[in-house]
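Chemist: Keeping their order, the protein sequence lines are chains A and B. Sequential numbering of the first sequence, starting at 1, is according to my numbering. Sequential numbering of the second sequence, starting at 1001, is according to my numbering.
Read the hints as simulated data drawn from the structure, not as lab findings. Be a bit skeptical, because a hint or two may be false.
[To be verified] As a list, the in silico DSBU-like pairs of lysine-lysine whose alpha-carbon atoms are at most 35 Å apart:
#1 B:Lys-1066 - B:Lys-1039
#2 B:Lys-1052 - A:Lys-50
#3 B:Lys-1022 - A:Lys-69
#4 A:Lys-78 - B:Lys-1062
#5 B:Lys-1039 - B:Lys-1078
#6 A:Lys-56 - B:Lys-1039
#7 B:Lys-1052 - B:Lys-1107
#8 B:Lys-1039 - B:Lys-1052
#9 A:Lys-50 - B:Lys-1062
#10 A:Lys-50 - B:Lys-1039
#11 B:Lys-1052 - B:Lys-1066
#12 B:Lys-1062 - B:Lys-1078
#13 B:Lys-1078 - A:Lys-50
#14 A:Lys-69 - A:Lys-50
#15 B:Lys-1039 - A:Lys-78
#16 A:Lys-69 - B:Lys-1052
#17 B:Lys-1107 - B:Lys-1039
#18 A:Lys-56 - B:Lys-1107
#19 A:Lys-78 - A:Lys-50
#20 A:Lys-50 - B:Lys-1022
#21 A:Lys-50 - B:Lys-1015
#22 A:Lys-50 - B:Lys-1107
#23 A:Lys-78 - A:Lys-56
#24 A:Lys-69 - B:Lys-1107
#25 B:Lys-1022 - B:Lys-1085
#26 B:Lys-1062 - B:Lys-1015
[To be verified] Distance ranges between label pairs, derived from CB positions:
#27 B:Ser-1073 - A:Leu-41: 28 to 36 Å
#28 A:Leu-41 - B:Val-1012: 19 to 27 Å
#29 B:Val-1012 - A:Met-20: 38 to 46 Å
#30 A:Leu-47 - B:Asn-1071: 20 to 28 Å
#31 A:Ser-71 - B:Lys-1022: 36 to 44 Å
#32 A:Arg-46 - B:Glu-1056: 18 to 26 Å
#33 A:Ser-30 - B:Thr-1112: 38 to 46 Å
#34 A:Asn-22 - B:Asp-1100: 18 to 26 Å
#35 A:Thr-14 - B:Leu-1070: 46 to 54 Å
#36 A:Gln-61 - B:Ala-1002: 20 to 28 Å
[Said to hold, decoys possible] Not close to chain B: a few residues of chain A, all C-beta gaps over 10 Å, as computed:
#37 Gln-26
#38 Asn-55
#39 His-64
#40 Ser-70
Backbone N, C-alpha and C fix where the C-beta goes; we use that ideal spot for every residue, glycine too.
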Amino acid sequence: GDSVTQTEGLVTLTEGLPVMLNCTYQTIYSNPFLFWYVQHLNESPRLLLKSFTDNKRTEHQGFHATLHKSSSSFHLQKSSAQLSDSALYYCALTGGYKVVFGSGTRLLVSP
Amino acid sequence: DAGVTQTPRHEVAEKGQTIILKCEPVSGHNDLFWYRQTKIQGLELLSYFRSKSLMEDGGAFKDRFKAEMLNSSFSTLKIQPTEPKDSAVYLCASSLGGADTEVFFGKGTRLTVV
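Same shape as in the complex, but just chain A (with noise of 0.2 Å):
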């Protein structure tokens, strides 16, 4: 079946420096959409960004994502992290009919 796959389980940066948070997926599928969700403390996940199209950078919010099918990535990244961008981070697949989700990486930043 589909499977998402996340590296980190945390990154730790600190605030300016650039973010890049991996994301990389199985899936039998052609045409995958491809998803980031973000969690802050005490909140539920919520949509940032999403994807359909190969090599077409997404973004949303300051972080953008591009979907390369001939490695099967979909990273997110930030060209300087904020304190605010703490929060925990699931890259997310739908190729056949239903949602499969990362076991996420929380990103902490600090000053």
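Given chain A, put chain B in place with the hints provided.
Modeler: Frame of chain A, contents of chain B only:
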């Protein structure tokens, strides 16, 4: 529009008790999910419904966890009997269904089993 509504927000149960968590999905959504969220395991899928039909019931959780969807606007998750290891946040989520649809999460129920 109302989002996903979960009740109660907090529940404390004694080991061996039966508890029922409730969820009202976003009106018009076809897909409903129950997840358990812990720091160690992340999001674990407990049950998945499409148009009220149970599509998946998260194999490892079958014996003591039962989700039902009696109508399109209400779902329950019963845990019977509860065990201390069930202490977690239980999230209900819904979506329109289909590949391009956003999943909307409720605020969750924090369950503590003592």
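Chemist: Now look at each hint and say whether the structure bears it out.
Modeler: Do the hints match the structure? See the list:
Between B:Lys-1066 and B:Lys-1039 the alpha-carbon distance is near 23 Å, which keeps this suggested pair within the 35 Å criterion. Restraint check: the Cα-Cα separation between B:Lys-1052 and A:Lys-50 comes to about 26 Å, which is no more than 35 Å; the hinted pair holds. With a C-alpha separation of about 39 Å, the suggested pairing of B:Lys-1022 with A:Lys-69 is violated against the 35 Å cut-off. Between A:Lys-78 and B:Lys-1062 the alpha-carbon distance is near 40 Å, which puts this suggested pair outside the 35 Å criterion.
Restraint check: the Cα-Cα separation between B:Lys-1039 and B:Lys-1078 comes to about 22 Å, which is no more than 35 Å; the hinted pair holds. Distance check on the hinted pair: A:Lys-56 and B:Lys-1039 sit about 33 Å apart at the alpha-carbon level, within 35 Å; holds. For the suggested pair B:Lys-1052 and B:Lys-1107, the alpha carbons sit about 21 Å apart, so the restraint of at most 35 Å is met. Among the hinted pairs, B:Lys-1039 with B:Lys-1052 is consistent with the structure: their alpha-carbon atoms are about 30 Å apart, no more than 35 Å.
Straight-line distance between C-alpha atoms of A:Lys-50 and B:Lys-1062 comes to about 32 Å, which keeps the hinted pair within the 35 Å bound. Distance hint between A:Lys-50 and B:Lys-1039 is fulfilled; the C-alpha atoms sit about 25 Å from each other, no more than 35 Å. This hinted pair checks out: B:Lys-1052 and B:Lys-1066 have alpha carbons roughly 14 Å apart, not beyond 35 Å. With a C-alpha separation of about 11 Å, the suggested pairing of B:Lys-1062 with B:Lys-1078 holds against the 35 Å cut-off.
Annotation: proposed proximity of B:Lys-1078 to A:Lys-50 holds, straight-line Cα distance about 33 Å (limit 35 Å). A C-alpha spacing of about 14 Å is found between A:Lys-69 and A:Lys-50, which places the hinted pair at or below 35 Å, so the restraint holds. Between B:Lys-1039 and A:Lys-78 the alpha-carbon distance is near 24 Å, which keeps this suggested pair within the 35 Å criterion. Between the alpha carbons of A:Lys-69 and B:Lys-1052 the distance comes to roughly 33 Å, so the proposed pair stays at or under 35 Å and holds.
With a CA separation close to 16 Å, the supplied pair B:Lys-1107 and B:Lys-1039 stays within the 35 Å bound. Our distance criterion of 35 Å between C-alpha atoms is met by A:Lys-56 and B:Lys-1107, whose separation comes to about 33 Å. The straight-line distance between the Cα atoms of A:Lys-78 and A:Lys-50 is roughly 15 Å, inside the 35 Å bound, and the hint therefore holds. The hinted pair formed by A:Lys-50 and B:Lys-1022 meets the criterion: a straight-line CA distance of about 29 Å does not exceed 35 Å.
For a cut-off of 35 Å, the pair hint linking A:Lys-50 to B:Lys-1015 is broken: about 41 Å separates their Cα positions. As the CA atoms of A:Lys-50 and B:Lys-1107 are separated by approximately 22 Å, the hinted pair is consistent with the 35 Å bound. As the CA atoms of A:Lys-78 and A:Lys-56 are separated by approximately 16 Å, the hinted pair is consistent with the 35 Å bound. Our distance criterion of 35 Å between C-alpha atoms is met by A:Lys-69 and B:Lys-1107, whose separation comes to about 33 Å.
The straight-line distance between the Cα atoms of B:Lys-1022 and B:Lys-1085 is roughly 20 Å, inside the 35 Å bound, and the hint therefore holds. Taking the CA atoms of B:Lys-1062 and B:Lys-1015, the gap is about 18 Å. The hint holds against a cut of 35 Å. At about 30 Å, the CB distance of B:Ser-1073 to A:Leu-41 agrees with the hint of 28 to 36 Å. Checked against the given bound of 19 to 27 Å, the beta carbons of A:Leu-41 and B:Val-1012, roughly 22 Å apart, stay inside it.
Under the hint 38 to 46 Å, the C-beta atoms of B:Val-1012 and A:Met-20, about 40 Å apart, fit the expected range. Taken as a hint, the range 20 to 28 Å holds for the pair A:Leu-47 and B:Asn-1071, whose Cβ atoms sit roughly 26 Å apart. Checked against the given bound of 36 to 44 Å, the beta carbons of A:Ser-71 and B:Lys-1022, roughly 42 Å apart, stay inside it. With their beta carbons about 23 Å apart, A:Arg-46 and B:Glu-1056 fall inside the hinted range of 18 to 26 Å.
Between A:Ser-30 and B:Thr-1112 the CB atoms are about 45 Å apart, so this pair conforms to the stated range of 38 to 46 Å. The hinted window of 18 to 26 Å between A:Asn-22 and B:Asp-1100 holds, with their beta carbons roughly 23 Å apart. In this structure the supplied range 46 to 54 Å holds for A:Thr-14 paired with B:Leu-1070, their Cβ-Cβ distance being about 51 Å. Separation of A:Gln-61 from B:Ala-1002 is about 24 Å and conforms to the stated range, judged on CB atoms against 20 to 28 Å.
Non-interface call for A:Gln-26 relative to chain B: holds, since the shortest CB-CB distance, roughly 16 Å, exceeds 10 Å. Every CB of chain B lies more than 10 Å from the CB of A:Asn-55, the least distance being 18 Å, so the non-interface label holds. At roughly 18 Å, the least C-beta separation between A:His-64 and chain B is larger than 10 Å, which holds for a residue marked as non-interface. The beta carbon of A:Ser-70 is kept farther than 10 Å from every beta carbon of chain B, the shortest such distance being approximately 20 Å.
The structure does not agree with the numbered hints 3, 4, 21 stated previously, though it agrees with the rest.
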